[in-house]
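Please construct the entire structure, taking both the sequences and the accompanying hints into account.
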Amino acid sequence: MEMPISTPSAQGVDPAGVAAFVDALDADPRLEPHGLIVQRHGHRIVEGWWAPHRAGTARLVYSLSKTFTGSALGVLWGDGRIGLDDLVSDHLPELFDDPAIDARTRRLTVRHVASMASGHDREMLPEAIAADPDDPVRGFLRIAPDAEPGTLFMYNQPPVLLLATILQRIAGERLVDLLARRVLGPIGVDGLRWAQLRPGIDLGYSGVYTDLDTIARLGQLYLDDGVWQGRQVLPSGWVAEASRVQTPNPERPEPDWQQGYGLQLWRSRHGYRGDGAYGQYMVVLPEHDAVVSLFSCVEDMQIVLDLMWQHLVPAMSSGTTTTTTTGSAGDRALAARLASLSMPTARERHGGAPAATSLAGATAPIECAPAPAGTPTHRTITAAVVDRGRLTLYEDDRSLGVPLADEWSPSDDGTVWASAAALDDGRLVVDLVMVHTPHRLTVTLDPADATFRATFALMPLFGAGLGRRITAMHPPAS
1 MEMPISTPSA
11 QGVDPAGVAA
21 FVDALDADPR
31 LEPHGLIVQR
41 HGHRIVEGWW
51 APHRAGTARL
61 VYSLSKTFTG
71 SALGVLWGDG
81 RIGLDDLVSD
91 HLPELFDDPA
101 IDARTRRLTV
111 RHVASMASGH
121 DREMLPEAIA
131 ADPDDPVRGF
141 LRIAPDAEPG
151 TLFMYNQPPV
161 LLLATILQRI
171 AGERLVDLLA
181 RRVLGPIGVD
191 GLRWAQLRPG
201 IDLGYSGVYT
211 DLDTIARLGQ
221 LYLDDGVWQG
231 RQVLPSGWVA
241 EASRVQTPNP
251 ERPEPDWQQG
261 YGLQLWRSRH
271 GYRGDGAYGQ
281 YMVVLPEHDA
291 VVSLFSCVED
301 MQIVLDLMWQ
311 HLVPAMSSGT
321 TTTTTTGSAG
331 DRALAARLAS
341 LSMPTARERH
351 GGAPAATSLA
361 GATAPIECAP
371 APAGTPTHRT
381 ITAAVVDRGR
391 LTLYEDDRSL
401 GVPLADEWSP
411 SDDGTVWASA
421 AALDDGRLVV
431 DLVMVHTPHR
441 LTVTLDPADA
451 TFRATFALMP
461 LFGAGLGRRI
471 TAMHPPAS
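Residues in the sequence shown are numbered consecutively from 1, following the numbering used here.
These aren't lab readings, by the way, just hints derived from the structure by calculation.
Be careful, since some hints might not be right.
[As the list claims (entries may be wrong)] Have a look at the derived ranges for each label pair, beta carbon to beta carbon: (1) Ser317 x Pro476: 41 to 49 Å; (2) Ala100 x Gly463: 38 to 46 Å; (3) Arg169 x Ala373: 40 to 48 Å; (4) Trp309 x Ala450: 44 to 52 Å; (5) Val245 x Gly191: 42 to 50 Å; (6) Ala336 x Pro410: 22 to 30 Å; (7) Asp397 x Ser317: 53 to 61 Å; (8) Ser342 x Pro248: 39 to 47 Å; (9) Asp396 x Trp309: 43 to 51 Å; (10) Asp396 x Gly191: 25 to 33 Å.
The beta carbon of each residue, even a glycine, is placed where N, CA and C say it ideally should be.
Shown next, in the form of structure tokens:
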């Protein structure tokens, strides 16, 4: 069930505008793009990957998972098995048997929890876990809202976990299984994985591992009002309901985070989107009949949207199909640009010489211990050993080995890709890309004092479907 393939110019998109967007992503040191797919008029017109990232690799999409939860809500809403204005207590009555539960909590509806309008004024996950470590949903319900539900926007996780619990209760199965049957299978997707709160309960607010093709297909499904190749997959009317403003949020500082929130979707200055921490995007542009999907590692996600509006949207604005020689030449130039994309290697990022040059005279393994206490370093790694052109990192009884090569090279299991360089001061620096996550870890070894430091470019959100061990940063088994 392949997506139709076309070129930008054939679908009325200026390839120079796409190239300008790619160039802008590459040029900004604050941004680390990993993969890009653009679709217009139902055709895939752009696909590019920054090596070592590549097509077909499932990765943690963080809060973009919420759009999958919202899709499950849409399925059950279309079946008539849940109403948006149903009381939460009607679906989970046993969690409301405590007379101390606040009256405002008892007025919570499905719409409130799906639209980030529970009435709480802060991120509630730590408090919910503290209130009941064994059942954060029950813990969340014990904490009184600060305002009447439906009157205050606050983006936080427990309402979505509560929603996921309701949906799985109604469906009688995990969200991942419901979606596989009703949504993902029909649009040509399989193999999606979802981290669980406990056996049988998918996180809902995070934890989905999937590839960028899945995100692009889901975006196309939303763009086409839930229809896929003539089949109504999401119920008619769901996309309009989910993508309209349910909860205003004008107090947010970022312009694309103050356009209002729908049902597990954000409104944007152009269209609407699902997104996840550190730059995972599904941007739906109905006014241009287009979908833009992007994987990246970026702290300030507004920057990417600004560049999208600056370069991509104007490239689509004419809507004119171009088959001229100029258009074809632009398509060819863009295709060549996309084929050459790569993340900077360790030498390109940090300088220095090839690691092999530095290690040429080594006759014994170089064994390094973690940097002293108080020094920033990822503490699950207990030892780092360089031997015969390889780096092995140890996490107690587990280990991960990577080649110390100039170019990006994979670990034995393919979960991590590495690039190494020898710095002028004698240290060895190795960048490790965890391709099943947005994250990059830099390990710097100092043979002079036999220590190493390991630091993430952007710290992972541990507990959002991701454990702390780098040897386990890959999709769950099921």
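Query raised in the report: Does the Cβ pair aspartate 396, glycine 191 satisfy 25 to 33 Å?
Result: Check passed, 30 Å falls within 25 to 33 Å.
Report task. Check the following: the C-beta atoms of serine 317 and proline 476 are separated by a distance inside 41 to 49 Å. Result -> 42 Å Cβ-Cβ, so the 41 to 49 Å window holds.
Query raised in the report: Is the hinted range of 38 to 46 Å satisfied by the C-beta distance from alanine 100 to glycine 463?
Result: violated (27 Å)
Requested in this report: Using the Cβ atoms, figure out if aspartate 397 sits within 53 to 61 Å of serine 317.
Outcome: holds (57 Å)
Query - Hint check for proline 410 and alanine 336 - Cβ pair distance inside 22 to 30 Å - result: Because 25 Å falls inside the window, the suggested range holds.
Query - serine 342 versus proline 248 beta-carbon gap, inside 39 to 47 Å or not - result: Distance hint for serine 342, proline 248 holds at roughly 42 Å.
Report task. Using the beta carbons of tryptophan 309 and alanine 450, state whether their distance is inside 44 to 52 Å or not. Result -> holds (50 Å)
Query raised in the report: Given a hinted range of 43 to 51 Å, is it respected by the beta-carbon distance of aspartate 396 and tryptophan 309?
Result: holds (47 Å)
Requested in this report: Kindly confirm whether 42 to 50 Å is satisfied by the beta carbon distance between valine 245 and glycine 191.
Outcome: Distance hint for valine 245, glycine 191 is violated at roughly 34 Å.
**Report entry** Assessment of proposed distance window 40 to 48 Å (beta carbons of arginine 169, alanine 373)
**Finding:** Since the Cβ atoms of arginine 169 and alanine 373 sit about 46 Å apart, the hinted range of 40 to 48 Å holds.
Hint violations for this structure: numbers 2 and 5, all remaining hints satisfied.
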